[in-house]
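A.B. asks: The listed protein sequences derive, respectively, from chains A and B. Note that our numbering gives residue 28 to position 28 of the first sequence, counting from 1, and the numbers run on in steps of one. Note that our numbering gives residue 23 to position 23 of the second sequence, counting from 1, and the numbers run on in steps of one.
Check before you lean on any hint, since a few could be wrong.
[Said to hold, decoys possible] So these bits of chain B aren't anywhere near chain A, every CB distance computed over 12 Å:
# : residue
1 : His-17
2 : Arg-102
3 : Gly-133
4 : Gly-166
[Unchecked claim] Straight-line alpha carbon distances no greater than 20 Å define the calculated EDC-like cross-link-like pairs of lysine to aspartate or glutamate that follow:
#  : chain 1 : residue 1 : chain 2 : residue 2
5  : A       : Lys-15    : A       : Glu-25
6  : A       : Lys-15    : A       : Glu-46
7  : B       : Lys-356   : B       : Glu-366
8  : A       : Lys-15    : A       : Asp-26
9  : A       : Lys-15    : B       : Asp-374
10 : A       : Lys-15    : B       : Glu-310
11 : A       : Lys-15    : B       : Asp-285
12 : B       : Lys-274   : B       : Asp-285
13 : B       : Lys-356   : B       : Glu-310
14 : B       : Lys-356   : B       : Asp-32
15 : A       : Lys-15    : B       : Asp-32
16 : A       : Lys-15    : B       : Asp-308
These are calculated hints, taken from the structure and not from any lab test. The beta-carbon is built from N, C-alpha and C at its ideal position, and this holds for glycine as well.
The lines below spell out each chain.
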Amino acid sequence: MPTTTEDIRDFIHAKFPHVTIADEEDIFGLGFVNSLFAMELVMFLEGHFGFRIGNEDLELSNFRTVVAMERLVVRNVPAAA
Amino acid sequence: MHSQTLAAPNPCSEWRHQVRVVVDEHVAPGADACDRDARISPHALDVAAREGWWGAALPVDVGGTGRDWVDVSALHEEVGRGCSSLRSLLTVHTMVGHAIDRWGTDAQREQWLAQLATGATLGAFCLTEPEAGSDAAALSARAERVRHGYRLSATKCWITGGLTAGLLLIFARSPSGICAFLVPAESVGVTRTPVAGLLGTRASMLAEVVVDACEVPDTALLGPDGFALATVITGTLEVGRLSVASGSVGIVRACLQAASGHAARRSCAGGTLKDQQLVRRMLTDMVVDARAGRLLCERAARLKDTGDPETVMATWIAKYHAARAAARAAGDAVQIYGARGCVTGASVDRYYRDAKVMEIIEGSTELHQVTIADDADRQMSGCAP
């Protein structure tokens, strides 16, 4: 069964198939993602893992890396751990 | 009958039919007068309220009609077919309602949604500034921290519905980043000035909104503190983009209806204009553009209904196609009308002027070209940092 981390990786890979992004790498620091991609990430995480990201969690640091997103998901959906 | 079938490309839901009938009876007939007077008629505003259009995208439990995005798109297409100015007011109002529904606290939802749903209070989206249009990140409006709240200073221009709105959704830069604020239009420090002499959507009650040291409480902050660009702004503009795309499809259909009718009536070289092959080419393009535009809007709306991230690019693509199609169709409609189309009140002159605006608002055509090509580049030919 795919893990939370793999699911997040797969989503990013589908959007950027020609780039290898490490789990700890700052996606927004790569220079080619924008607010539209941030919105897509939020929609993906909410839809795929079935939770609503609250205003307090809507900050860039929660979406910068695969690891940060995995932590966000697990905090909100303990079953995804 | 034949032209009506063409003008209504796909099978019609009960909701769309209901809206269409009301638009034909109450919106379209007064649209040229609204355009001439540069103000939306009280009757059109009342009809929108009576029909539940202001709250179409809001949930039933707050007084909305709880329509899905496919239905909202159909509504904005039909209204846009009758009157782009009314559709523009619906667009920004729907954006504000959606923003509060999505990012509002329980208290904010309680305070605002019921009155927005009925249209008792209208909303306006205040993002654009003299030096910040498509590049929202460049905004210079300021939100200083004061005791128990913020002091806002901003100059916002081209604010659709700015004259009629009771609630302004204002974006400004605070120490933590770009933030969204809910500001009652009657607040001390807010001045609204009508913008006259517009090319298109002339009845959309446009204003320049100047906010001079306006103090609002902490509870005016909507959504995440400092991260509004990637949330409230982007998410709300997506709604606006779907609305403008849908309204643009409506313009194409209005052009088709007008132009095909005129071409069938107008004598030309022993027959009528519609016998001319070059005229038929124009009508054919309108038919195909209307059908393609609606399908693109429906796809974007369906993806939005299921929370699929693909809705983002699908909406950009729909708006890009529909706005350009509207401009093409309106140009051709005026061409078919000839001199008669160059007169205020001909309706096609209004479609022509309104369609140009569609290529500028909610992201210019050129911004769409860059964004859609970038997305294709990422997925297909490698990623250039």
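A.B. asks: Hint by hint, note whether the structure agrees.
C.D. replies: To see whether the hints hold, each was checked on the structure:
1. His-17: About 31 Å separates His-17 of chain B from the closest Cβ of chain A, which puts it past 12 Å; holds.
2. Arg-102: violated, 9 Å
3. Gly-133: holds, 15 Å
4. Gly-166: Fine: 24 Å to the nearest Cβ keeps Gly-166 of chain B off the interface.
5. A:Lys-15 x A:Glu-25: With Cα atoms ~16 Å apart, Lys-15 of chain A and Glu-25 of chain A stay inside 20 Å; holds.
6. A:Lys-15 x A:Glu-46: Status holds; Cα separation ~17 Å.
7. B:Lys-356 x B:Glu-366: Measuring from Cα to Cα gives roughly 13 Å; hence the hint holds.
8. A:Lys-15 x A:Asp-26: The hint holds at about 16 Å.
9. A:Lys-15 x B:Asp-374: holds, 11 Å
10. A:Lys-15 x B:Glu-310: With a Cα-Cα distance of about 10 Å, the restraint between Lys-15 of chain A and Glu-310 of chain B holds, given a limit of 20 Å.
11. A:Lys-15 x B:Asp-285: Violated, at about 33 Å.
12. B:Lys-274 x B:Asp-285: With Cα atoms ~14 Å apart, Lys-274 of chain B and Asp-285 of chain B stay inside 20 Å; holds.
13. B:Lys-356 x B:Glu-310: violated, 27 Å
14. B:Lys-356 x B:Asp-32: Judged against 20 Å, a Cα distance of about 17 Å means the pair holds.
15. A:Lys-15 x B:Asp-32: Between Lys-15 of chain A and Asp-32 of chain B the Cα gap is close to 45 Å, so the pair fails against 20 Å, i.e. violated.
16. A:Lys-15 x B:Asp-308: holds, 14 Å
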